[in-house]
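Novice: Okay, here's what each chain looks like letter by letter:
2 protein chains.
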Amino acid sequence: MNRVVKTLLPVIVVHGGASVIPIQFIKEKEQGAKLAALEGYKILKKGGSCIDAVVKAVSCLEDNPMFNAGRGSVLNEAGGVEMHALVMRGDTCGVGGVLCIQHARNPVQVAKIILDESPHCLLTGEAGLKMARKHNLPEESLKYFITDHAKSMFENYDKYKKAVDGIINSKQNELTDEHDTVGAVALDYHGNLACATSSGGFTMQKVGRVSDSPIVGSGGYADNESGKKNKLTGQKPGRMVQRV
Amino acid sequence: MNRVVKTLLPVIVVHGGASVIPIQFIKEKEQGAKLAALEGYKILKKGGSCIDAVVKAVSCLEDNPMFNAGRGSVLNEAGGVEMHALVMRGDTCGVGGVLCIQHARNPVQVAKIILDESPHCLLTGEAGLKMARKHNLPEESLKYFITDHAKSMFENYDKYKKAVDGIINSKQNELTDEHDTVGAVALDYHGNLACATSSGGFTMQKVGRVSDSPIVGSGGYADNESGKKNKLTGQKPGRMVQRV
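Chains as they are written, first to last, in full-length UniProt numbering: chain X, 1 to 244; chain S, 1 to 244.
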């Protein structure tokens, strides 16, 4: 059941990945995240849906080479790019996810098509691309996705690995590089919630490694009706979570 | 921490899929499930690990054309077979999963190799097959997997669909056919838990549809240390769950 809560202001929250950001990238990353949030917010402000808002915001992050999703994705052990994305809507708890997709400029838009049209909630990259082609979603060659920064992380993997180990061992001073998923969560005027996630995985991952990002409950979760009932209104607050 | 509970008897529980079984298959299915449980139990009785036991039991079900896993898997919309498997060990909570794999005679054994050797916990079919080949795991042509029964369900999809709709709508009297995942859970002499799952998905599924069977927490879960502490011993009972 949709909750029409007219007094609610729409909200969107965007993130560009959880890690220590090299100082030279902080400004551009901040700007990129702000732009993505604003683009999503424009949709919400016009009364648009939270689903469209999170897809728009994550598409912005995917288009921005500063983030590890879409263009800017890190390289796997073969020097290729395999991407993962998820969209979940809180009104129906419907999910669309795609894993190990190549060439799609915006994996999150492929996930949205899977959410809208597939009888299944999670598809492999090839199956996702097949659906995307029916909708003429833009495709790019491998070259488009590879940034100098991703190439440098690939070529300097030992140093990068030290950074990842640093995260695992919580030795913050060893961190020298960034990685991880991007995502957005939103609440619209209609009281609906949605989340979206997109990731290029991590440098030197095996070909065919499936990220947790496109998996419901791992990469993200949105449910209008979860949580404890409000004793006065009888409404549940809803919940949306996003892995960072 | 492994719990050595010498007074414990090892246990294995096996299932061959949750649905109404056509009367003509009941005996063979029962025998198949018993055989699988006994094969797994033999390992446990000798002091072997719960992981080896569940892999053995599920391999038996995969080899048995009566079940929708390995040989006997149902056909997708293209008349092909894509299989999914998961193994999880409760001592480390380590997981190995493979999705949309073709040709591997025993997808659950591929999942076990991923558990043991991959730095990742979930791989696509092609990546899983690459690892399986290094271990000379047996492969088969598509013909091996396709049974007359799976072919008949594919050719009579409308009738089969009615059966699936029947399950969804809980109209038991409309059920005429079986489907679904197989699996096993086990507890060994060392007090360790494990689970394993294998599935051919469902008839006429889209190519590239990812089942929930190979996904940790969806297809199965095993954890030696979960649950409430025993007030006398301080031990936690452990938990293993298996989707059926």
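Be aware that a few hints might be false.
As the list claims (entries may be wrong) - Straight-line Cα separation of at most 30 Å, DSSO-like style, residue types lysine-lysine; simulated pairs:
1) 206(X) x 130(S)
2) 206(S) x 134(X)
3) 46(S) x 130(X)
4) 134(S) x 159(S)
5) 206(X) x 134(S)
6) 159(S) x 130(S)
As the list claims (entries may be wrong) - Cβ-to-Cβ under 10 Å is the rule here; a few derived chain X residues that face chain S:
7) 103
8) 113
9) 116
10) 119
11) 125
12) 147
13) 208
14) 215
Hints are computed from structural coordinates only; laboratory data are not their basis.
Note that CB positions come from ideal geometry on N, CA and C, so glycine has one too.
Novice: All hints are to be evaluated individually against the structure, with a verdict given for each.
Specialist: Here is how each hint holds up against the structure:
The hinted pair formed by residue 206(X) and residue 130(S) meets the criterion: a straight-line CA distance of about 11 Å does not exceed 30 Å. Proximity of residue 206(S) to residue 134(X) is assessed by CA-CA distance (about 15 Å); at most 30 Å being required, the pair is judged to hold. Restraint check: the Cα-Cα separation between residue 46(S) and residue 130(X) comes to about 50 Å, which exceeds 30 Å; the hinted pair is violated. Restraint check for residue 134(S) and residue 159(S): the C-alpha separation of about 42 Å exceeds 30 Å, so the hint is violated.
Between residue 206(X) and residue 134(S), the direct Cα distance comes to roughly 15 Å. Compliance with the 30 Å bound is thereby established for this hinted pair. Distance hint between residue 159(S) and residue 130(S) is unfulfilled; the C-alpha atoms sit about 38 Å from each other, more than 30 Å. The restraint placing residue 103(X) at the interface with chain S is violated, with a minimum CB-CB distance near 15 Å, outside the 10 Å limit. Among the interface hints, the one on residue 113(X) is violated; its C-beta lies about 13 Å from the nearest C-beta in chain S, farther than the 10 Å criterion.
Because the closest C-beta pair between residue 116(X) and chain S is about 14 Å apart, greater than 10 Å, the hint is violated. Annotation: interface hint on residue 119(X) holds; nearest CB of chain S at approximately 7 Å, less than 10 Å. Because the smallest distance between the Cβ of residue 125(X) and any Cβ of chain S comes to about 8 Å, under 10 Å, the interface hint for this residue holds. Evaluation of the residue 147(X) hint against chain S yields a violated restraint, the C-beta minimum of about 23 Å exceeding 10 Å.
A hinted interface residue such as residue 208(X) counts as satisfied when its beta carbon comes closer than 10 Å to some beta carbon of chain S; here the least separation is about 3 Å, so the hint holds. Checking residue 215(X) against chain S: minimum C-beta separation of about 6 Å stays under 10 Å; hint holds.
Consistency note: the structure conflicts with the earlier hints numbered 3, 4, 6, 7, 8, 9 and 12.
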